[in-house]
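Which chain is which? The protein sequence lines are A and B, in order. For the record, in the first sequence the residue sitting at position 272 is 272 according to the numbering used here, with numbers rising by one throughout. For the record, in the second sequence the residue sitting at position 154 is 154 according to the numbering used here, with numbers rising by one throughout.
Take the hints with a grain of salt, since some may be wrong.
[Stated by the list, open to error] Listed below are the simulated DMTMM-like cross-link pairs for lysine to aspartate or glutamate, each with C-alpha atoms no more than 25 Å apart in a straight line:
| hint | chain 1 | residue 1 | chain 2 | residue 2 |
| --- | --- | --- | --- | --- |
| 1 | B | 111 | B | 246 |
| 2 | A | 210 | B | 17 |
| 3 | B | 258 | B | 137 |
| 4 | B | 210 | A | 2 |
| 5 | A | 207 | B | 3 |
| 6 | B | 111 | B | 8 |
| 7 | A | 92 | B | 127 |
| 8 | B | 210 | A | 3 |
| 9 | B | 207 | A | 3 |
| 10 | B | 295 | B | 216 |
| 11 | B | 210 | A | 8 |
| 12 | A | 207 | B | 17 |
| 13 | A | 111 | A | 17 |
| 14 | B | 236 | B | 171 |
| 15 | A | 210 | B | 2 |
| 16 | B | 219 | B | 280 |
| 17 | B | 207 | A | 8 |
| 18 | A | 55 | B | 127 |
| 19 | B | 207 | A | 17 |
| 20 | B | 259 | B | 218 |
| 21 | B | 210 | A | 17 |
| 22 | B | 228 | B | 246 |
| 23 | B | 55 | A | 127 |
| 24 | B | 184 | B | 280 |
| 25 | A | 272 | A | 216 |
| 26 | B | 207 | A | 2 |
| 27 | A | 219 | A | 246 |
| 28 | A | 61 | A | 3 |
| 29 | B | 92 | A | 127 |
| 30 | A | 207 | B | 2 |
| 31 | A | 12 | A | 60 |
| 32 | A | 207 | B | 8 |
| 33 | B | 111 | B | 96 |
| 34 | A | 210 | B | 3 |
| 35 | A | 210 | B | 8 |
No lab work stands behind these hints, which were simulated from the structure alone. This one's a predicted model, so the numbers in the text were calculated from it and none came from an experiment.
Number of protein chains: 2
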Amino acid sequence: MDEFSFIEYLKKKIPADPRVPVGIGDDAAVLRPASGYQIVVSTDVIVESVDFRIKNLSPEKIGRKALAINLSDMASMGAKPVAFVITIGKPKHISETWLKHFYRGLLALAKEYDVACVGGDFSSSKEFFASVTIFGEALPHQIAKRSRARPGDWIAVTGALGGSILSHHHDFTPRIREGLFLVKYITPTAMIDISDGLVQDLSHVLKASKAGAVLDLDKIPVSRNAIKINRGNKEKALAGALSDGEDFELLFTVSSRKKGMLGNSWTKQFPKVPLTWIGEIVKGPSRITWRQSGKTAMAPELSKKGFSHF
Amino acid sequence: MDEFSFIEYLKKKIPADPRVPVGIGDDAAVLRPASGYQIVVSTDVIVESVDFRIKNLSPEKIGRKALAINLSDMASMGAKPVAFVITIGKPKHISETWLKHFYRGLLALAKEYDVACVGGDFSSSKEFFASVTIFGEALPHQIAKRSRARPGDWIAVTGALGGSILSHHHDFTPRIREGLFLVKYITPTAMIDISDGLVQDLSHVLKASKAGAVLDLDKIPVSRNAIKINRGNKEKALAGALSDGEDFELLFTVSSRKKGMLGNSWTKQFPKVPLTWIGEIVKGPSRITWRQSGKTAMAPELSKKGFSHF
Chain A
1 MDEFSFIEYL KKKIPADPRV PVGIGDDAAV LRPASGYQIV VSTDVIVESV
51 DFRIKNLSPE KIGRKALAIN LSDMASMGAK PVAFVITIGK PKHISETWLK
101 HFYRGLLALA KEYDVACVGG DFSSSKEFFA SVTIFGEALP HQIAKRSRAR
151 PGDWIAVTGA LGGSILSHHH DFTPRIREGL FLVKYITPTA MIDISDGLVQ
201 DLSHVLKASK AGAVLDLDKI PVSRNAIKIN RGNKEKALAG ALSDGEDFEL
251 LFTVSSRKKG MLGNSWTKQF PKVPLTWIGE IVKGPSRITW RQSGKTAMAP
301 ELSKKGFSHF
Chain B
1 MDEFSFIEYL KKKIPADPRV PVGIGDDAAV LRPASGYQIV VSTDVIVESV
51 DFRIKNLSPE KIGRKALAIN LSDMASMGAK PVAFVITIGK PKHISETWLK
101 HFYRGLLALA KEYDVACVGG DFSSSKEFFA SVTIFGEALP HQIAKRSRAR
151 PGDWIAVTGA LGGSILSHHH DFTPRIREGL FLVKYITPTA MIDISDGLVQ
201 DLSHVLKASK AGAVLDLDKI PVSRNAIKIN RGNKEKALAG ALSDGEDFEL
251 LFTVSSRKKG MLGNSWTKQF PKVPLTWIGE IVKGPSRITW RQSGKTAMAP
301 ELSKKGFSHF
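Please work from the sequences and hints to get the whole structure.
The following block contains the structure:
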């Protein structure tokens, strides 16, 4: 099977979609934007030797992850994902069967979230890579940027944090429904998905919003994986929850008044997804102050954070 | 300079744009679609060992090409390009300076065509790659697909064809203005950019439109490069014009009536870009019939065509 036959194979696997007047098979795809909505665009690439080892992860899971990390970016903007395109670098050590399984994982998640695959491009390459660009739609006043956290706002996170390397980093649930719920009902002043680790991603929000934060160490929702990976050491598990990457949970800030409006509607809507209030935005430089048992605490010793590709 | 500093560097190089409410630096970018327009999306990837050698081509030209091939896809739909995102795989043998020059070439072309760079993602990798996704806008009734060529339509190409490997494949002019002019004034029934070679791209149109074509061998506009590369051998130069890839000229079909409406307005509008009528669409299977001196001719012997990455 050559490249063109593979594209024909894919076209049969990809259902028609009324939002897509022109899909795969032309020079470009055409999308029909919903009236009054803005287009939200994000792109993420995964590379074989950097993000996974072909031997350690099934092609279905790699395909799923290539899309899931992009869905997570849509969630953090409060956008509804609509469509995506993908470019793939295919090395010789990747078989056609492997690639079909990659697409199986990718398209299963696409179906689950009702996102249309509208195009792509293939190349040969020395190692496998998959670059996805996703498009969503959002009402202009509901878009959750990073830059509008204000002193007095509360800080919350979804789910539990840390130790995602054990499995969560490839089987996480993108928080699309949660993100849409939040922008609709309490319009967060800032929102971000936790990909670099809670502290680093909160720092992005603080820098963009020109504000500081106080974090309650007692309140951080530490995941079972963070405890397991640190063999029950609570301090290390907490450090993991604060700094491990790829949680793909939502971190957001919201005014006190809107927090009150939330009441117990979150728990009704998402009984299985914890929502935890972990601190407040404060005036001052873009720094985090730590609090424990109601008092100012020393910063926990975190593992080295941030990953530069340069 | 690490990855985050490089992104800060880029943010300063990239001008603000009123069409982009949220640009680089958030989880996603936001675009404001023009009312009544549809979004046209395309993606193309270039890979070091496949599409170029770092040693043989300047980073500015590689950056230019990464965007230019995507602009060409917009041209072939008759869409006005608006914005793009890019993911980059950066191997160790690529320096930061090289990457800055890559962006210089990319952003210079972006400025020339008024296309905003709205986001991206970096990874390390074993070889350099750049995956661009471009977004344009088009009025629904003006979008030029591949599938509506009808028997009796005329077939035309812009520019001159063949031998692009000599230089044209990286310094070509994406036919954006020409594509927009065509959809506005004569609404081609089908349009495609010639990336795989005239015969192969025409075949894509024929297959999508379920029709055949007659091509006049006397009329094919053979480029100087095609003649040069074939050392003046006219037959071989013609074969090159018919089958060489990466011309990035427009091939389109149009009804007889609309062709008449064009008159000399093309020449007035684009005095430097030839427009040549090379044949007609006919009833029947998706095959090309050759004509020379008004008579049916043998098919020219073409070089091996098509490039499968599998």
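Violating hint indices (sorted, rising): none
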